[in-house]
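Q: Here is how the chains run, residue by residue.
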Amino acid sequence: MPPKAPRCNGHVLLSPSQIGLLIEALKRHGYEVIGPTIRDGAILYDQVSSVEDLPKGWTDEQEGGRYKLKRRSDDALFGYTVGPHAWKKFLFPASARLWKAQRTNGHFRILPEEQKSPKLAFLGVRACELHAIGIQDKVFLQGTFADPSYKSRRTDIFVAAVNCAQAGGTCFCDSMGTGPKANSGYDLSLTEVLHDSQHFVLAHVGTKAGAEILGEIPTQPAGEAEIALAEALVEETARHMGRSVETDGLKELLYRNLENVRWEAVADRCLSCANCTMVCPTCFCSTVEDVTDLSGQQAERLRKWDSCFTTDFSYIHGGSLRATPRSKYRQWMMHKLAYWIDQFGTSGCVGCGRCITWCPVGIDLTEEARAIRDTESSVSNLV
Amino acid sequence: MILSLESIIKAHPFFADMPEKHLEFITSCAKNVAFPERFTIFHEGDPANEFYFIREGLVSVELLVPSRGATTVQTVAEGEILGWSWVSPPYRWHFTARTQQRTRALVFDAKCLRTKCEEDHDLGYEVLSRFVSVISARLDATRLQLLDIYGRHN
Amino acid sequence: MAAIIEPEIVERTLIDPMVPELFRIERLKRETEDTFTLDLVPQEESMKISFLPGQFNMLYVFGVGEVPISISGDPYETSRLEHTTRRVGVVTKAMGRLKPGDSIGIRGPYGSHWPVTEEDGRDFVVIAGGIGLAPLRPVLYHLMAQREKYKKVVLLYGARTPEEILYKRQLERWRGKFDLEVQVTVDRGASGWRGNVGVVTPLVARAPFNPSNTVALVCGPEIMMRFAVMELQKRGVPPERTYISMERNMKCALGYCGHCQWGPTFVCKDGPVFRLDRILPIFGKGEI
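Residue numbers (this note's numbering), protein chains in the order written: chain L, 1 to 383; chain Z, 1 to 154; chain Y, 1 to 288.
Calculated directly from the structure, the hints in this document are not laboratory data. Beta carbons: idealized from backbone N, C-alpha and C, even for Gly. Where hints are given, some of them may not hold.
[Said to hold, decoys possible] Derived DSS-like pairs (lysine-lysine); straight-line CA-CA distance at most 27 Å: (1) Lys285/Y x Lys251/L; (2) Lys93/Y x Lys151/Y; (3) Lys100/L x Lys151/Y; (4) Lys10/Z x Lys116/Z; (5) Lys29/Y x Lys234/Y; (6) Lys151/L x Lys89/L; (7) Lys56/L x Lys151/L; (8) Lys100/L x Lys285/Y; (9) Lys304/L x Lys93/Y; (10) Lys89/L x Lys100/L; (11) Lys269/Y x Lys138/L; (12) Lys304/L x Lys269/Y; (13) Lys251/L x Lys93/Y; (14) Lys93/Y x Lys100/L; (15) Lys68/L x Lys100/L; (16) Lys10/Z x Lys285/Y; (17) Lys138/L x Lys151/L; (18) Lys119/L x Lys251/L; (19) Lys56/L x Lys70/L; (20) Lys234/Y x Lys151/L.
[As the list claims (entries may be wrong)] Going by beta-carbon spacing under 7 Å, a handful of chain Y positions derived as facing chain L: (21) Asp16; (22) Phe62; (23) Gly65; (24) Gly89; (25) Ala94; (26) Gly96; (27) Pro221; (28) Lys251; (29) Leu254.
Based on the provided sequences and hints, a complete structural model is requested.
A: As structure tokens, then:
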């Protein structure tokens, strides 16, 4: 007989291997489980079928323009921070067909694409990533038009969040108020604790769905000591962030400094490679491709990820309105840290640090924000 | 109601805020004039000893382009000032001015005004600073025309 | 005549807002050497056309692509749709090669609109540059249809050459039948042209309207709008009563492809019509 489901506001303990039972329970409920795996020298989100697929005993070392996997001295399952993948690749696929069309003579008809997507369970969603999903929800679901593909993918997902026990070299969720603790938006949250010789996972139920899944695993209720340990761990993480940014008045600061010379300096370094937009969990820009087959009688419309750094992004008859690297970098950073607030009510940045890590020349938007803020205070110092 | 020269001049924004004594002198240099349509007011190269304030009608400013004939580069209409070649040597018109419609204007004796400006630099400043605004506005407009903004640019 | 229709965006029975509605080309009229007007009727005969002046549609040419084009027809006309466009790129060139009877995909109407319901009793000065007259024509239809509600209505229109003046006959008709002052100027005259030569800005400086009671609508290339706005400000027309129409690259027109962003605004939904005071901080700023 399966053990009783824990109360919704309870904490329970799991052993690390029981994460495997969690995966199995999810699969039994029809979910395709996506979690962290090691591939191509990085920790990437992909299908996982058992606990063996998780990056046990691995961590990542991140700096501006640098990402390296490193062996840990323990067997932590979630002992890394974030890799180049964001969960957006599953909710907002990099390439998707929107519809097909068929032509006969001058007439044509459109065949809409059926929105069927697998039920996905995300295992290992960090607090910053939860915020990022919430931010993309605002973009795709809360405007006048909801995106049907995003909606259908988003509706049925199961989220097993993970509270960070270590801060990454480029992390600054603490500054952005997006972590390291996941407070809401999950079905389950997990905190992996490795302390002295102990190694357990503290689980917290967020929703009925979470309770249901957790109820199929034999668990023990957590004691106060374990809960305190987990909380201390996460608090400690908040104090070891690799980066920080002052967000007070940041939007107004940037609006005042649209012509600051700092933009020229960063433009000298920026390659317009678009890595930052590809790895950023909130970037949502897309383009549309209309193609035909060789006969010219069948057409398709595809939607693909796009980046404000591409040459033609702002093209209208005659040329691109943002043609210089300076204008493109400024657009990206202004949008992320300033315009986004006016558009959607929150910052577009969750402090995950990916853009810093994956920029080939290590451009750091926290450094850029600081430099711009410093130019203002140095001017006032002259007075 | 027939308006006096004084009232017409005083009412025009071009002369706004000009001290009374200068206005008086300028009015004394002014005369009413009327042109029929298709009338050449002055030719390119002629001595430039007047300027005009167009009260009614339309005047085209033309250049003679050998292969194209007389080409209108701009038109000057009601309420606008025509002519500033009188301001600097060699005091000759750079363009031809031809009316497109029946046109009424005030013509100002620029030769007389030039002489007086030499004597009275205050008057000179008042007049020239206003002409600088006119020329600057025309330059802006000309530059915009040069950009061919409605044209196709690939 | 009935009061202007107050449409919300027409509800279509589509689940996916990226799927176009099919229309048929009734007529393709050549306006100038590179500009044409499409006269469209919906394939679904019972469909009623409903839009507000200033709004645009996304037009899809089979297999080629989709572009945003302002609606340029009569907003009181519910059975047909008109779009005037220049042949400037791949899609519009392909569009120009279509024939009556061919299908075109339409998504829309999208975007903000010229102020047409709140400004009774005002003078209206409408300033158009080049193809900018097309997105303004619907508001002219409206002003003429409700003429008694407004005081002076002035159209100032700058075109490249006399041959490139759009809707010549219609402008003459309006000028003749209604109390509509029309002043046209061309950048370059031609033999036989007896009208104004020069840009449209000097026309703004001397047009007969009362700045303290005027609503100004401006549409044309951005640089033309900048200079026209300067003239309007010089004459004392307040930014709260000055409207412009912006153009940007668009892929979705729904607010999430990101291409049409202009500072914090999305031109597809916060625009294309903008009230000047709301965008003064970014208007005229380069590469924003």
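Q: State for each hint whether it applies.
A: Against the structure, the hints:
1. Our distance criterion of 27 Å between C-alpha atoms is met by Lys285/Y and Lys251/L, whose separation comes to about 18 Å.
2. Note on Lys93/Y and Lys151/Y: the hinted pairing is violated, with a Cα-Cα distance of about 41 Å set against a maximum of 27 Å.
3. This hinted pair does not check out: Lys100/L and Lys151/Y have alpha carbons roughly 51 Å apart, beyond 27 Å.
4. For the hint pairing Lys10/Z with Lys116/Z, the CA-to-CA distance comes to about 20 Å; that is within 27 Å, so the pair holds.
5. For a cut-off of 27 Å, the pair hint linking Lys29/Y to Lys234/Y is broken: about 39 Å separates their Cα positions.
6. For the suggested pair Lys151/L and Lys89/L, the alpha carbons sit about 14 Å apart, so the restraint of at most 27 Å is met.
7. Proximity of Lys56/L to Lys151/L is assessed by CA-CA distance (about 33 Å); at most 27 Å being required, the pair is judged violated.
8. Between Lys100/L and Lys285/Y the alpha-carbon distance is near 40 Å, which puts this suggested pair outside the 27 Å criterion.
9. Only pairs whose Cα atoms come within 27 Å are accepted, and Lys304/L paired with Lys93/Y is accepted, the gap being roughly 24 Å.
10. For the given pair, Lys89/L sits about 23 Å from Lys100/L by alpha-carbon distance, which is consistent with the 27 Å threshold.
11. Annotation: proposed proximity of Lys269/Y to Lys138/L holds, straight-line Cα distance about 15 Å (limit 27 Å).
12. Pair hint Lys304/L plus Lys269/Y holds up; C-alpha atoms about 21 Å apart against a cutoff of 27 Å.
13. Proposed proximity of Lys251/L and Lys93/Y is contradicted: the alpha carbons are some 42 Å apart, above 27 Å.
14. Distance check on the hinted pair: Lys93/Y and Lys100/L sit about 23 Å apart at the alpha-carbon level, within 27 Å; holds.
15. About 43 Å separates the Cα atoms of Lys68/L and Lys100/L, which puts this hinted pair outside 27 Å; it is violated.
16. Taking the CA atoms of Lys10/Z and Lys285/Y, the gap is near 39 Å; set against the 27 Å cutoff, the hint is violated.
17. For a cut-off of 27 Å, the pair hint linking Lys138/L to Lys151/L stands: about 11 Å separates their Cα positions.
18. Between Lys119/L and Lys251/L, the direct Cα distance comes to roughly 38 Å. Violation of the 27 Å bound is thereby established for this hinted pair.
19. For the suggested pair Lys56/L and Lys70/L, the alpha carbons sit about 11 Å apart, so the restraint of at most 27 Å is met.
20. Straight-line distance between C-alpha atoms of Lys234/Y and Lys151/L comes to about 50 Å, which puts the hinted pair past the 27 Å bound.
21. The closest approach between the C-beta of Asp16/Y and any C-beta of chain L is roughly 5 Å, which is under the 7 Å cut-off, so the hint is satisfied.
22. For Phe62/Y, the shortest C-beta to C-beta distance to chain L is roughly 5 Å, which falls under 7 Å, so the interface hint holds.
23. For Gly65/Y, the interface hint holds, since its Cβ comes within 7 Å of a Cβ in chain L; the closest pair sits about 5 Å apart.
24. The restraint placing Gly89/Y at the interface with chain L holds, with a minimum CB-CB distance near 6 Å, inside the 7 Å limit.
25. The restraint placing Ala94/Y at the interface with chain L is violated, with a minimum CB-CB distance near 11 Å, outside the 7 Å limit.
26. The restraint placing Gly96/Y at the interface with chain L is violated, with a minimum CB-CB distance near 14 Å, outside the 7 Å limit.
27. Annotation: Pro221/Y was flagged as interfacial toward chain L, and the flag is violated, the nearest CB pair being 9 Å apart, outside 7 Å.
28. For Lys251/Y, the shortest C-beta to C-beta distance to chain L is roughly 5 Å, which falls under 7 Å, so the interface hint holds.
29. Because the closest C-beta pair between Leu254/Y and chain L is about 4 Å apart, less than 7 Å, the hint holds.
The structure fails hints 2, 3, 5, 7, 8, 13, 15, 16, 18, 20, 25, 26 and 27 (numbered hints given earlier, in ascending order).
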